[in-house]
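Undergrad: As a plain string of letters, each chain reads:
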Amino acid sequence: MRDLLWLVPVFPLLGFLVNGIVYLASHRTHGSGGHAPGPGTQPEAESSTAAGHPHAHGHAETAPKWKTLHTVVGTGSVGLSCLVAFAAILDLGIGPLSQGAHHVLTLWRWIPLGVNQATGQVPGPLAEWVVDFALRLDSLSALMLAFVTFVGFLIHVYSVGYMGHDAGYGRYFAYLNLFMFSMLTLVLAANFLLLFVGWEGVGLCSYLLIGYDYHKKFAADAGKKAFVVNRIGDFGFILGIFGVFALFGSLDFGKVFSAAASQPAIYAPYMTVVCLCLFLGAVGKSAQFPLYVWLPDAMAGPTPVSALIHAATMVTAGVYMVARCNVLFRLSPDALLVVAVIGGFTALFAATIGLVQNDIKKVLAYSTVSQLGYMFLACGVGAFVAGMFHVVTHAFFKACLFLGSGSVIHALGGEQDLRRMGGLARKIPITYRTFLVATFAIAGVPLLAGFFSKDAILAAVFESHFARAPWLPKVLWTAALFTAGLTAFYMFRLVSLAFYGKFRGSAEQEAHVHESPRSMTVPLVVLAFLSVVGGWIGIPILRGGDRIGEFLAPVVPALAGAHAVEHAPAISLELALMAASVAVAMVGLFLAWTWYAKGEGRVPAQLAARFPRLYRTLENKYFVDEIYEAAFVEGLAKGGGRFLWEVDATVVDLIPNGAAAGTLGASAVSQAFDKNLVDGAVNGVADSFQRGFQLLRRSQTGRVQNYALVMGGGLFCIVAVYLIFR
Amino acid sequence: MNITINHYLVVSFLLFSIGFLGVLVRRNFLTVLMSVELMLNAVNLNLIAFSRRLSDLTGQVFSVFVITIAAGEAAIGLALTISLFRQRRTLNVEEASSMRG
Numbered sequence: 249m250r251d252l253l254w255l256v257p258v259f260p261l262l263g264f265l266v267n268g269i270v271y272l273a274s275h276r277t278h279g280s281g282g283h284a285p286g287p288g289t290q291p292e293a294e295s296s297t298a299a300g301h302p303h304a305h306g307h308a309e310t311a312p313k314w315k316t317l318h319t320v321v322g323t324g325s326v327g328l329s330c331l332v333a334f335a336a337i338l339d340l341g342i343g344p345l346s347q348g349a350h351h352v353l354t355l356w357r358w359i360p361l362g363v364n365q366a367t368g369q370v371p372g373p374l375a376e377w378v379v380d381f382a383l384r385l386d387s388l389s390a391l392m393l394a395f396v397t398f399v400g401f402l403i404h405v406y407s408v409g410y411m412g413h414d415a416g417y418g419r420y421f422a423y424l425n426l427f428m429f430s431m432l433t434l435v436l437a438a439n440f441l442l443l444f445v446g447w448e449g450v451g452l453c454s455y456l457l458i459g460y461d462y463h464k465k466f467a468a469d470a471g472k473k474a475f476v477v478n479r480i481g482d483f484g485f486i487l488g489i490f491g492v493f494a495l496f497g498s499l500d501f502g503k504v505f506s507a508a509a510s511q512p513a514i515y516a517p518y519m520t521v522v523c524l525c526l527f528l529g530a531v532g533k534s535a536q537f538p539l540y541v542w543l544p545d546a547m548a549g550p551t552p553v554s555a556l557i558h559a560a561t562m563v564t565a566g567v568y569m570v571a572r573c574n575v576l577f578r579l580s581p582d583a584l585l586v587v588a589v590i591g592g593f594t595a596l597f598a599a600t601i602g603l604v605q606n607d608i609k610k611v612l613a614y615s616t617v618s619q620l621g622y623m624f625l626a627c628g629v630g631a632f633v634a635g636m637f638h639v640v641t642h643a644f645f646k647a648c649l650f651l652g653s654g655s656v657i658h659a660l661g662g663e664q665d666l667r668r669m670g671g672l673a674r675k676i677p678i679t680y681r682t683f684l685v686a687t688f689a690i691a692g693v694p695l696l697a698g699f700f701s702k703d704a705i706l707a708a709v710f711e712s713h714f715a716r717a718p719w720l721p722k723v724l725w726t727a728a729l730f731t732a733g734l735t736a737f738y739m740f741r742l743v744s745l746a747f748y749g750k751f752r753g754s755a756e757q758e759a760h761v762h763e764s765p766r767s768m769t770v771p772l773v774v775l776a777f778l779s780v781v782g783g784w785i786g787i788p789i790l791r792g793g794d795r796i797g798e799f800l801a802p803v804v805p806a807l808a809g810a811h812a813v814e815h816a817p818a819i820s821l822e823l824a825l826m827a828a829s830v831a832v833a834m835v836g837l838f839l840a841w842t843w844y845a846k847g848e849g850r851v852p853a854q855l856a857a858r859f860p861r862l863y864r865t866l867e868n869k870y871f872v873d874e875i876y877e878a879a880f881v882e883g884l885a886k887g888g889g890r891f892l893w894e895v896d897a898t899v900v901d902l903i904p905n906g907a908a909a910g911t912l913g914a915s916a917v918s919q920a921f922d923k924n925l926v927d928g929a930v931n932g933v934a935d936s937f938q939r940g941f942q943l944l945r946r947s948q949t950g951r952v953q954n955y956a957l958v959m960g961g962g963l964f965c966i967v968a969v970y971l972i973f974r
Numbered sequence: 666m667n668i669t670i671n672h673y674l675v676v677s678f679l680l681f682s683i684g685f686l687g688v689l690v691r692r693n694f695l696t697v698l699m700s701v702e703l704m705l706n707a708v709n710l711n712l713i714a715f716s717r718r719l720s721d722l723t724g725q726v727f728s729v730f731v732i733t734i735a736a737g738e739a740a741i742g743l744a745l746t747i748s749l750f751r752q753r754r755t756l757n758v759e760e761a762s763s764m765r766g
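Chain order of the listed sequences is X and S. What the first sequence shows, in the numbering used here, is residues 249 to 974, in sequence order. What the second sequence shows, in the numbering used here, is residues 666 to 766, in sequence order.
Source of the hints: derived by calculation from the structure; they are not laboratory data. By construction, the Cβ of each residue, glycine as well, lies at the ideal position given by its N, Cα and C atoms. Worth double-checking, as some hints may not be accurate.
To be verified - A few chain X residues that face chain S, going by a derived Cβ cut-off under 7 angstroms, partial list only:
hint: 1; residue: Q942
hint: 2; residue: R946
hint: 3; residue: G950
hint: 4; residue: L957
hint: 5; residue: G961
What the hints assert, rightly or not - Incomplete in silico selection of chain S near chain X, CB under 10 angstroms:
hint: 6; residue: I683
hint: 7; residue: F685
hint: 8; residue: A740
hint: 9; residue: S762
As the list claims (entries may be wrong) - Label pairs and their calculated CB-CB ranges:
hint: 10; chain 1: X; residue 1: V926; chain 2: S; residue 2: F730; range: 27 to 33 angstroms
hint: 11; chain 1: S; residue 1: L674; chain 2: X; residue 2: A273; range: 23 to 29 angstroms
hint: 12; chain 1: S; residue 1: A736; chain 2: X; residue 2: L338; range: 42 to 48 angstroms
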């Protein structure tokens, strides 16, 4: 079974091909379908709040027979790949995996850089310089594989209900399958280059799916923004890959990491640069501080896409990559310091923005950015296991939250503004209950998934050491704890605004409210269940409770001399930290409940009135988009040109201007000389030339063929002369 | 019959001459373009013949470059054809002489 691992990405690829071809073929015969933006959809392009809802365009739906085919192929391919993935994992065995068993499946030699193909002989030092097309199944990729395929499958099922009325049904599933293919390639890659292929593939699919409603300008713009911002990160990532290749002479994970682990002294000096480059890639893909701006805009895509790509799987690729390269990162305390600071700052920064957003998906988007910051914070303090643990639990509850918000949006016929919701708890009970469970999970209510992973991160941060900045762990821990409170607050604010109180939308919307179909509620229930039990794989304190730590141990080994944070802290300390985080979460929940559910938003309104500048800053997301617009778009693209022009006009032009002044003086002297003596000669010469060329002018017929004839004749003459007189 | 380099050279020469003559005497812009292509390919044949004879890959590399340039040339030539036809409603090259001095 383990040798069938290649089927895991291939099934979605086939699904993509079938769906794509059928979609193209059926839409050629059925006319324009969902392609041309109809006049009725144009006004919506102006409002950025009506993003990605299922009833956006009322074009002719896909023909039923094709729709069934898209459904079966789209969900079936991912389901099959999920089955194969689990079978392969079980074939290797969970126990053996945790003892370091791994399986590398080399499909073919991809780039035989150093092998002389003619003789098969290896020419000297280039011996190892080959890149194989190889898949790697070890405990880290098994963990990712398990939840990516399973959550992916659930979201595909959900999409059947959510996108059911959409004209581009087949196109949607084709993109989604292509995404699964790319993501699975990323996860299973056995070397940096194949990882990069998957990395770019998910970036492309992210672009395609954000801009799925491409006839709306804001969606198309959001897609472009995501793509461009990710390019900045990818630039760093590819530089990091070059660095690894130059240092190790190989891109294979096994070879690179064992070399780095066995001879740390040799490689350590270079690792800061390499790791920071790699981390820049992760910052772009996982939406960390300077490059996070694309993720909130990415909510323009359909909601299941936000759940799958921009919450559960793709954005965690950066964390996965950093955890995969943990051996390299540990060699550079400075790089880890940067990772921790960026992660901690992003967590707090995004959470504060999330406090005041009014778009249900925007709140979740900033929450995702914040939680990703948590994961990087964990990686930065050396607790890669805790980071990966949070990746898994976050995938469950954030996917559940996004799908739940999709269900709310679906029930309200496309409404995303929290100010026009309310009182939905009784009308859509299944959505409400699952959403509430996931909210408690993300807020860190004890015994739910988020509690354990967040607690693991907080404990690791508290216990961490930074030689360069001994005060830093406490600062980071305070920030992370405060963020936990903010998280609980804004999530429960969301729940209160959407599900409690009176309905604030129009009467027409109220009549329309309905629970979603089974294809949408079943994934919600499953994900809510996982949000409850998902954390039980990493229970601290209990002996043998930290299963995930044991499972990942072969990939995330404890290095001597590195941060010794993997050892369990004292139980009393652990309990105290837990109590602190639970208390903070409870305060956040309680405040949100009293302010928004019972107080109906009077206290926050007063606060906003008391601190108008602070509120405006938060509401406008610290004006980061505006700053980027001014600095990079206006500044570099437009202002840069003007700046260069100014330089040209003032500095560079000094030289010709000075020269001109000098020349003027000199020419005044020579003018007198010229006029009398030289002019006579010149005029005489000119006259004779004029007469001579009057004749030659005739040869300029303007007919190319004449010129060609003369050229050919000339060539003939030259060759003839050469042959005769040589 | 043993095919020597001379055979290649003769064929190449004939092709080149036909092409050159075409460029000189044909009036139709398209035919002129095709004749130019003929000349280029005659050169390619020549290059490859010598490359084979001398066991030196440089000639083949050059012919690949020539093919690349020929593709670009054809594209530009056809674009010119279209704009010429739009302006003059004819493809007669003798009509296209308005820039003569």
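Undergrad: Each of the hints needs a verdict: does it hold here or not?
TA: Results of checking the hints against the structure:
A least Cβ separation of about 11 angstroms between X/Q942 and chain S goes past the 7 angstroms threshold, and the interface hint is therefore violated. At about 9 angstroms, the closest approach between the beta carbon of X/R946 and any beta carbon in chain S exceeds 7 angstroms, and the interface hint on this residue is violated. Interface restraint check for X/G950: the shortest CB-CB distance to chain S comes to about 3 angstroms, inside 7 angstroms, so the restraint holds. With its C-beta approaching chain S no nearer than about 5 angstroms, X/L957 sits inside the 7 angstroms limit, and its interface hint holds.
For the restraint placing X/G961 at the interface with chain S, the shortest Cβ-Cβ distance is roughly 10 angstroms, beyond the 7 angstroms limit, so the hint is violated. Nearest Cβ of chain X to the Cβ of S/I683: about 13 angstroms, over the 10 angstroms cut. The hint is violated. A distance limit of 10 angstroms between C-beta atoms decides the matter here; for S/F685 the minimum to chain X is near 6 angstroms, and the interface restraint holds. Violation of the interface hint for S/A740 is found here, the shortest Cβ-Cβ separation to chain X being roughly 19 angstroms, above the 10 angstroms cut-off.
Residue-level restraint check for S/S762 holds (minimum Cβ-Cβ distance to chain X is 3 angstroms; threshold 10 angstroms). Against the hinted window of 27 to 33 angstroms, the Cβ-Cβ separation of X/V926 and S/F730 comes to about 50 angstroms, which falls outside the hint. Separation of S/L674 from X/A273 is about 52 angstroms and departs from the stated range, judged on CB atoms against 23 to 29 angstroms. Our hint of 42 to 48 angstroms for S/A736 and X/L338 is violated, since their Cβ atoms are close to 55 angstroms apart.
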